[in-house]
Amino acid sequence: MKLAYWMYAGPAHIGTLRVASSFRNVHAIMHAPLGDDYFNVMRSMSERERDFTPVTASVVDRHVLARGSQEKVINNISRKDEEQHPDLIVLTPTCTSSILQEDLQNFVDRASLSSESDVILADVNYYRVNELQAADRTLEQIIRFYLDKAYKESTLDRSVTKTPSANIIGIFTLGFHNQHDCRELKRLLGELGIMVNQVIPEGGYLKRLKDLPKAWFNVVPYREVGLMAATFLEKDYGMPYISTTPMGISNTADFIVQIGKLVNVWAYALLEKRFNYKLYVDNQTKFVSQAAWFSKSIDCQNLAGKEAAIFGDTTHAALITKILVKEMGIRVSCSGTYCKHDAERFNEQVQGLCGEIVVTEDHTEIGDTIARIEPSAIFGTQMERHIGKRIDIPCGVISSPVHIQNFPLGYRPFLGYEGTNQIADLIYNSFNLGMEDHSPDVFGGHDTKGISTKALSTELSDINWTSEAESEPKKIPGFVRGKIRKNTELFAKQNNIPEITVDATYVAKEKSSL
Amino acid sequence: MKTFDIPTFECETGNYHTFCPISCVAWLYQKIEDSFFLVVGTKTRGYFLQNAPGVMIFAEPRYAMAELEEGDISAQLNDQKELERICLRVKRDRNPSVIIWIGTCTTEIIKMDLEGIAPKLEKQIGIPIVVARANGLDYAFTQGEDTVLAAMTHRCPEFNHHIMNQPKWDVTKLGVVEVSSNNKFFDETIKLNRCNLVLFGSLPSSVASQLNLELKRQSISVSGWLPSQKYNELPALGEGVYVCGVNPFLSRTATALMRRRKCQLIGAPFPIGPDGTRAWIEKICSVFNIKPNGLEEREDQIWKNLIDYLQITSGKSVFFMGDNLLEISLARFFIRCGMVVYEIGIPYMDRRYQAAELLLLQQTCKKMQKPMPRIVEKPDNYSQVQRMHELQPDLAITGMAHANPLEARNIDTKWSVEFTFAQIHGSVNARDVLELVTRPLRRRTDSVSDCRSLSRQTLNVQRS
Chain W
1 MKLAYWMYAG PAHIGTLRVA SSFRNVHAIM HAPLGDDYFN VMRSMSERER DFTPVTASVV
61 DRHVLARGSQ EKVINNISRK DEEQHPDLIV LTPTCTSSIL QEDLQNFVDR ASLSSESDVI
121 LADVNYYRVN ELQAADRTLE QIIRFYLDKA YKESTLDRSV TKTPSANIIG IFTLGFHNQH
181 DCRELKRLLG ELGIMVNQVI PEGGYLKRLK DLPKAWFNVV PYREVGLMAA TFLEKDYGMP
241 YISTTPMGIS NTADFIVQIG KLVNVWAYAL LEKRFNYKLY VDNQTKFVSQ AAWFSKSIDC
301 QNLAGKEAAI FGDTTHAALI TKILVKEMGI RVSCSGTYCK HDAERFNEQV QGLCGEIVVT
361 EDHTEIGDTI ARIEPSAIFG TQMERHIGKR IDIPCGVISS PVHIQNFPLG YRPFLGYEGT
421 NQIADLIYNS FNLGMEDHSP DVFGGHDTKG ISTKALSTEL SDINWTSEAE SEPKKIPGFV
481 RGKIRKNTEL FAKQNNIPEI TVDATYVAKE KSSL
Chain V
1 MKTFDIPTFE CETGNYHTFC PISCVAWLYQ KIEDSFFLVV GTKTRGYFLQ NAPGVMIFAE
61 PRYAMAELEE GDISAQLNDQ KELERICLRV KRDRNPSVII WIGTCTTEII KMDLEGIAPK
121 LEKQIGIPIV VARANGLDYA FTQGEDTVLA AMTHRCPEFN HHIMNQPKWD VTKLGVVEVS
181 SNNKFFDETI KLNRCNLVLF GSLPSSVASQ LNLELKRQSI SVSGWLPSQK YNELPALGEG
241 VYVCGVNPFL SRTATALMRR RKCQLIGAPF PIGPDGTRAW IEKICSVFNI KPNGLEERED
301 QIWKNLIDYL QITSGKSVFF MGDNLLEISL ARFFIRCGMV VYEIGIPYMD RRYQAAELLL
361 LQQTCKKMQK PMPRIVEKPD NYSQVQRMHE LQPDLAITGM AHANPLEARN IDTKWSVEFT
421 FAQIHGSVNA RDVLELVTRP LRRRTDSVSD CRSLSRQTLN VQRS
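Protein sequences appear in the order of chains W and V. According to full-length UniProt numbering, the first sequence is numbered sequentially starting from 1. According to full-length UniProt numbering, the second sequence is numbered sequentially starting from 1.
In short, the hints are calculated from the structure, not lab data. Do not take every clue at face value.
[What the hints assert, rightly or not] The list that follows gives simulated cross-link-like pairs (lysine to aspartate or glutamate, EDC-like), each with its CA atoms no further than 16 angstroms apart:
1) W/K511 <-> V/E299
2) W/K210 <-> W/E234
3) W/K72 <-> W/D51
4) W/K2 <-> V/E82
5) W/K152 <-> W/D118
6) W/K2 <-> V/D300
7) V/K123 <-> V/E84
8) W/K235 <-> W/D148
9) W/K511 <-> V/E435
10) W/K483 <-> V/D432
11) W/K207 <-> W/E272
12) W/K72 <-> V/E390
13) W/K511 <-> V/D34
14) W/K210 <-> W/E191
15) W/K149 <-> W/D211
16) W/K162 <-> W/D211
17) W/K511 <-> V/E297
18) W/K511 <-> V/D308
19) W/K2 <-> V/E84
20) W/K261 <-> W/E272
21) W/K261 <-> W/D236
22) W/K2 <-> V/D380
23) W/K2 <-> V/D79
24) V/K304 <-> W/E153
25) V/K111 <-> W/D61
26) W/K2 <-> V/E435
27) V/K91 <-> V/D34
28) V/K316 <-> V/E122
29) W/K72 <-> V/D300
30) W/K511 <-> V/D300
31) W/K72 <-> W/D61
32) W/K210 <-> W/D157
33) W/K296 <-> W/D425
34) W/K214 <-> W/D157
[To be verified] Quick look at which bits of chain W chain V covers, simulated, 3 or more residues with Cβ under 8 angstroms:
35) 4-16
36) 58-66
We put the beta carbon where it would ideally sit given N, CA and C, even for glycine.
Given these sequences and hints, build the entire structure.
Structural data, given as C-alpha cells:
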C-alpha cells in the first residue's frame, strides 16, 4: 500500500480509452463499476468536446460479483453494435476486472461472432503499466490487428506512394497541445515537400489503417506514445521511423536532417533526384523562428545564468531542459520526469545539462527539491504550478497532467518553428521581466501596500456589525463577500437598523434581489 | 405527454453516468474540520478524486489514497500492517481527531476486512477509525455521504435524559444564536422548546444556521447536527430523540438512526425551495404539537421576491437525466415554479424515505395543473438522449459527460453536480437555486442561434 495524494500518470484504462476515442467510429466498453466512466467528463470538459465520448461501461455490480458477468458484456457489445455501428469495439479492462479475473477474451470471441463491428480486448495489465504505456500498447495493438486482418484478406497494398510521404503517429485526445502540434507538423512536412499519409490515432479511420505502410517513413513526435507502433511497423513492414521530437531550434534542425536522409534513400531511386533541406533550415531559423534571434537579443541576456527547475514527461522535460541550457543559457538546477519506465533514456538525454536528475512519481519529493534549490522559475506540470504558487515562484506549464487551461483555443504548438516562438514566449514570460526584477528591491516596490478595499474610492460605513454577524460574511466565498457585505449594509440603512446581527444578514440576503 | 395521477416508476438498465460515491470526501472533509479521509483503493479511484473535484486537491486536502498495489491484491502483504503504517504516518503529519476509511469496489471484491481491522488499529494508534463502504458496486454519487453518516451514527454519544433536563443546557454549543431584542423582525420573545431534535445531512455551516433559525422562529431548537463541524461534537442520540433529514439521499442513515439508535424519524419533504422548506417546518411542528406561526405569509413573501426568475422559468420544460438523488425535490420545486418536467431520472429511489416528498410532488402537480413526470430509476443514458431528441426540452439537467455534447445539439443544459455543491436549502437560498437553473435560459443569445447544431458527429440518433 502506498499513501498517495496526487498522481502524474493515470491508470492504464485511461490510456486505452484515449487511444480508442481518438480514432473515428471506435467505441470502447469498460468493464467497470458505476462511476468509473469519469473519462467522459475529462474529455468533455477539458477538450470541450462537442460529441458524446464513445465510451460506455458494462457495469459491474453485486450481481456480477456473485455470478460473473455472464451474458452482460456480450449483450452490451451487441447492443452498441446495433445502436451505433462502430467499426471497432474495444473492450477495456479496469482494475476491477483484473481482480475478478473473468475471461474477457472469451466474451470478445463470442461477441465478435455475432456483431458486425470488429471486437478486441485491450491487452493491458492494470497493475503493471500506467496511462502512457497502456496508450502506447493499445495503439500498437489496433494497428497490428488491422494490418494482420488486411494481410489475411490480402487487401494489403505493399507499394509506397509516388511522392515522399509520412505517417504521424501518437497524436491523440487529452494530449498536451497535441492538436496544435499536429497542425504545425503537417505544415512543416508540407514545406519539405512531404505528403502526410495518415495521422494516427486522432481522427483516423480504421478502414485506412491498411494503407499505413504506403508512407515512406513514420514520425513519432512524442516518446511516450507511438514508439511501439513505429517499431512494429519497422520490424514487420520495413518502415523507418524518426523519434526525434522537433522541439526547439536544434532539435527541429536535427529532425529535418533525418528526414532528408530517409527521403533521399527512396527519392533517388523513384524520382531520380535528391532533396536538400539545408537552405530551408537556415531560412526558417533566421527568419521564421524568432527564437534564434531572441536568444541573441538583449532581453535574453537578462536570463543568462538564472536558475530553473524542470519536471514533466520524458519528451517535454528533456527537451525543455535542452532548450533552456543550450539555446538560452539558463542554468537548470534540476530536471526530472515521472516516467519511471523511461528513466534510462531520460538520464541519457539530460546528462550533463542539469545539476541533478530526479525521477519520481511522488509530487512531495519534487516539491521539496524545488523548495530547497529555490529557482527563479519552474517549468513543470499543473502540480508544479501549484507548488510554485505556494512558494511564490513563477511556473510555466510544459507537460501533462493538464488542466482545461492547457487546451487553449488559440494556436499554441510546442513543435516546429512556430513552436520555438511559443516556447520562447512561455519561458521569457515566466521569469520576472528584466527591469521588474530589480525595481521592487531597489525602490521598495511600486505598489502601495496594505490597501484595504478593492474599490478605488473608499466610503466609510457608519453601521456596526456585531461580532457574530461579522463572522457571518467570512463563511461566504471571498469573491462575493464584498458584495454581500455591501448589500447587507444597504438593507440595514433602508430599514433603519442600527446594528447588524446574524439574523439581519439572513433577512437581508432573502430580501436582496441581486 | 400522458397525465398520471399517481407516480409511476420505471426501471431501466442502469447504464448511466454518475460520480463514484467516494467523491463525498471532497465535501465531507471540509465539513468535518478535524477529520482525515483515507480512501483505500486503486489508482482508478485516486485519479477520479484528483480530476473530478478539480483544483481542491492542491489546497493540501485532508484526504489521501491508500493505493493498493499488486502485493495487496494477491495478499502477499498484510492488510493490517500496511494500514497501520499509513495511519501512523497520517497521524504524524496531520494529527486528525478521526480517520475515516472509505472502502471502494476493490476492497469489496478482495473482501478486505476493514470493519474488522479498524477496532484493532483504533486501539493501537489512539485515533477513532470510522469505516464507510462507499463503493460503485452498490451506490451512486451522493449516497457516499449516506454511507459515511450511517457509519458515524454509531459514534454519537448516548442521549441522557438527566442532562437534557438541566436548565440552560449549553446553548452555545448548539449553535443557537441568541436573538437581539432591538431587531424589529424578531422582537417577539421566543421560548425555545426542549424537543431534542437532531437534523442529519452535511450542509455548509451558514446554511445549517439558517435552517436552525427557521425552526427557532417556530420555537423549536435544534439540539444538534449529524455531521457536526467537529468530530467530538457529534450530537447525542437515543430513545426520545427525534431526527429529520435535510437531504433526499440519506436513507441508510435514517435507517441506522431508527433501528440502531432508536430515534424517531420525522418523514418530511426536504427543505429545498420555499414550498419544500415550509412543508418541512410544518411537518416538524406537527410532530412537536406546535402550531406553525406565520409560515404562509413567509412563503408568499419569498415567492414574491422570486417573481423575476419565475417569469423566466414559467412554461419551460426540463429533463432530469439523474445522477445525484436530489432530482425529486428539485423537480417538485421547479414544477411549483411553473416548469414542466418531462422525466425525472434518479439513480435510486427509496419510496419510504422519500414518501412525503413524493406526496408533495403529486400535490404540486395537481395544484399547478402540470402532468406528473415519469420517474425513471437506474436510467439508461443512451435511451434518455433518444427521448430528449424527441421531446426537445428547454433544459436538460445532466452530468458533465453529456453537457457539452447536448449543448452542441442545441439543448440547453445545467450541470447537475452544481446542485450538490451550491447552497440550495431553506427559503433563503431559493434564489440561488433559480439563479443556477435560469442561467442557461438567460444566456441564450441571438448571435449563435443561427447555427442549428454545432456538433461535428453525424449521429444515428438524429436520424432515428
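Structure-inconsistent hints, enumerated in ascending order: Hints 3, 6, 11, 12, 13, 14, 21, 22, 24, 26, 28 and 29 are the ones this structure does not satisfy, whereas the remaining hints hold.
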